[in-house]
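A.B. asks: For reference, the chains in residue letters:
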Amino acid sequence: MLNRFLSGRAKLLSAFAALMLLIAPTAAQAAKWFVDNTLGDVKAEDKKTPATPKPVQLIFEFQRNGEPNPRATKEVKPWIIESLKGTGAFSEVAEAPVAGGAVLSITFNNIVPQKELDKAKKDAFGAGLGFGLFGGVVATDRYDVTFEYLPGEGAPSIKTLVQHALHMKYGKKEVEIPGTQVKNVTEAVKTVVRQATDHGVNNLVSDPAFPQ
Amino acid sequence: MGSIRALGVAALLLVLAGCVHARIDETAPSIETLKILRAANVPPMAVGAFVDAGGAAPVARTVVIRGSTMSPPKGASFAEFLGLSFENELRTANRFDPGAPVAIAGRLIESRAGETRAALGVRISVIREGTERFAKDYRVETTWKGDFIGALAIPEAFRQYNALYPLLVRQVFSDPAFVEALKSP
Numbered sequence: 001m002l003n004r005f006l007s008g009r010a011k012l013l014s015a016f017a018a019l020m021l022l023i024a025p026t027a028a029q030a031a032k033w034f035v036d037n038t039l040g041d042v043k044a045e046d047k048k049t050p051a052t053p054k055p056v057q058l059i060f061e062f063q064r065n066g067e068p069n070p071r072a073t074k075e076v077k078p079w080i081i082e083s084l085k086g087t088g089a090f091s092e093v094a095e096a097p098v099a100g101g102a103v104l105s106i107t108f109n110n111i112v113p114q115k116e117l118d119k120a121k122k123d124a125f126g127a128g129l130g131f132g133l134f135g136g137v138v139a140t141d142r143y144d145v146t147f148e149y150l151p152g153e154g155a156p157s158i159k160t161l162v163q164h165a166l167h168m169k170y171g172k173k174e175v176e177i178p179g180t181q182v183k184n185v186t187e188a189v190k191t192v193v194r195q196a197t198d199h200g201v202n203n204l205v206s207d208p209a210f211p212q
Numbered sequence: 001m002g003s004i005r006a007l008g009v010a011a012l013l014l015v016l017a018g019c020v021h022a023r024i025d026e027t028a029p030s031i032e033t034l035k036i037l038r039a040a041n042v043p044p045m046a047v048g049a050f051v052d053a054g055g056a057a058p059v060a061r062t063v064v065i066r067g068s069t070m071s072p073p074k075g076a077s078f079a080e081f082l083g084l085s086f087e088n089e090l091r092t093a094n095r096f097d098p099g100a101p102v103a104i105a106g107r108l109i110e111s112r113a114g115e116t117r118a119a120l121g122v123r124i125s126v127i128r129e130g131t132e133r134f135a136k137d138y139r140v141e142t143t144w145k146g147d148f149i150g151a152l153a154i155p156e157a158f159r160q161y162n163a164l165y166p167l168l169v170r171q172v173f174s175d176p177a178f179v180e181a182l183k184s185p
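Protein chains in written order, with the working numbering: chain G, 1 to 212; chain F, 1 to 185.
Extracted from the complex, chain F is given alone in its bound form (with noise of 0.2 Å):
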């Protein structure tokens, strides 16, 4: 009996192997956030342009974790995903307004994702009438504890590189110094 449950282990284990290919999840708006932007009374702004620093060579390619694939969302890169994050967040606070005379534009600068650790990196620019104001970098990134079974190890990998999005989303909007800008004339 022992060798026959052995036998099916080492089956089930071969076709736990198989490969899945997704694309990245919008996430969804926080109350943490939503309360962060009214707090700080941030004004309405616009979402410019969100972009790999990578240029032709991005820094954000697709995920792979054993063989399984995250891509990003169909007609879109990661950093425009990213853009997406900040303009969901502003649509649901009430902070979203295209025509403002203030914009954010990001540039993507890291994007790793690996079995038991994820970051991701942005400069964010604040531009009033077309000009800069402000440019800072921000960085997330989380760890987590692997698992041997790949069908628990892969969608964790993507879930955790996902939440990473609205995570860096709150400590942009969380800095004084961004929030300053932005308010400054």
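Bound conformation, chain G alone (with noise of 0.2 Å):
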């Protein structure tokens, strides 16, 4: 049962969807996974991309609450390095340094407040034990996702930060969830790296600074 909490996609989330997962992993896969329509897709009309794209190595980073994850680091990094490629914003995408230098970073920081999360707990308890009968739960993973792009050696960064949330729904809760429902936890994990990306990319190469 503990391995189950450890491996997988749970641990990507906060600690309520994995404490779910942990007490009634039935249960949680019952639960509905939202991707908050905040952010959205970039718009056709806002896209930017480069008239040269330039090579660029990757520095890729999850984290909660500003801690290192290293198992979510290499679980979501494929999917970061697959959203970049479609960006079309660079010639190729590394992890190796490349000619000229540039270094994009990006960190993505699950922010789980300690108040959140004490009350996830006990939510969880209650509608795990309960199977769902006995009331629910929402739980909000929001994400701080920075971009920093150094485009060489001795020149300086530029930074954006863009801000996205998944919302998960399990049990008898009546409540609008302000996000577009997805099929599954996986898919609603990538969706949410791919517009983090797309829209992160996109404000690098709208800024002056970065070399088109």
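Simulated from the structure, these hints should not be mistaken for lab results.
The beta-carbon is built from N, C-alpha and C at its ideal position, and this holds for glycine as well.
DEER-style ranges, computed between Cβ atoms:
(1) G:Arg142 - F:Phe148: 20 to 30 Å
(2) F:Pro58 - G:Glu67: 25 to 35 Å
(3) F:Ala177 - G:Asp41: 45 to 55 Å
(4) G:Gln163 - F:Ala76: 35 to 45 Å
(5) F:Pro185 - G:Pro50: 36 to 46 Å
Chain G residues, not near chain F, derived (Cβ > 12 Å throughout):
(6) Lys47
(7) Pro50
(8) Glu82
Hey, can you piece these two chains together into the complex? The hints should help.
C.D. replies: Laid out in structure tokens, this is it:
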């Protein structure tokens, strides 16, 4: 049971969601996942791409409350690389140094305030033990995604911050969720990663200091 | 209903007491460390031996939290893992050169992990053409709020200990005395 907690996509989520998986895996599978609507996709008319894309070296880290989470980093990194390649802003995305010395650092920080965590634990035990019959819970995972781009050795960096959120609903909780439902937790996290990456890179490319 | 729920909670707490056996995770290089290395114009260097100062009685044994354990990577010690952490950051910053005349080496002198506190210490040497030119001790420590639920407390303790490795690397690279020793002919 505990290994289940430590494995898979659960580790990407807040302690609440992990706790739900631990207490009642079948109940957690029955949870509904929503990608927050605030950010959305980059509109076609807003999308910027450089005339001559250059290679970039990626440095990526997944954090929880500002602390590194190596396992989640390993899990999410391929999705980040895939999203970066999809933006068309770079000719190559590599983990090793590239010609020109450009570096892009992306930090996905999952914010879980202690107050919310304590409430989530309480709700999770209640809802989990009741198999959703005696109540329900809604949990929100918030993400601060920081992008920092170094065009080359000695060049000043360009920074931007993108905020996103993921909502989970379980049990008999009648509440409006400000998000779009997706089929499962993997799809939810992948969508959050793609939308945040698209917006972050678009912000960088829109900066006059970004090499065009 | 209340008593049934209480029994359920008790049963769950027993389940939560299960043991985990994990290996330490390679940590991500950071742009902060890369910027430090670039700003200081640190020369490319080799990474020499990283050993446990305790020898046959190593200071860095398997981390044990409530019966759950975290081990070094397969085939390596925690001291060697620290050396790999240095190498990883240097490679990312394009400052790693196994053939360079200057190398860094380390002796792990402290490794502690508990439910609310962890610490890591190393004696770093700068070696030029086979001669030690510099040696200094570095140490990082962290504290956090523990949790009564083992399923949260155990991974948190492992994660906190794991996170000390890149912090220690950054502390060393941020030291002007260390950088000066690297640059001295």
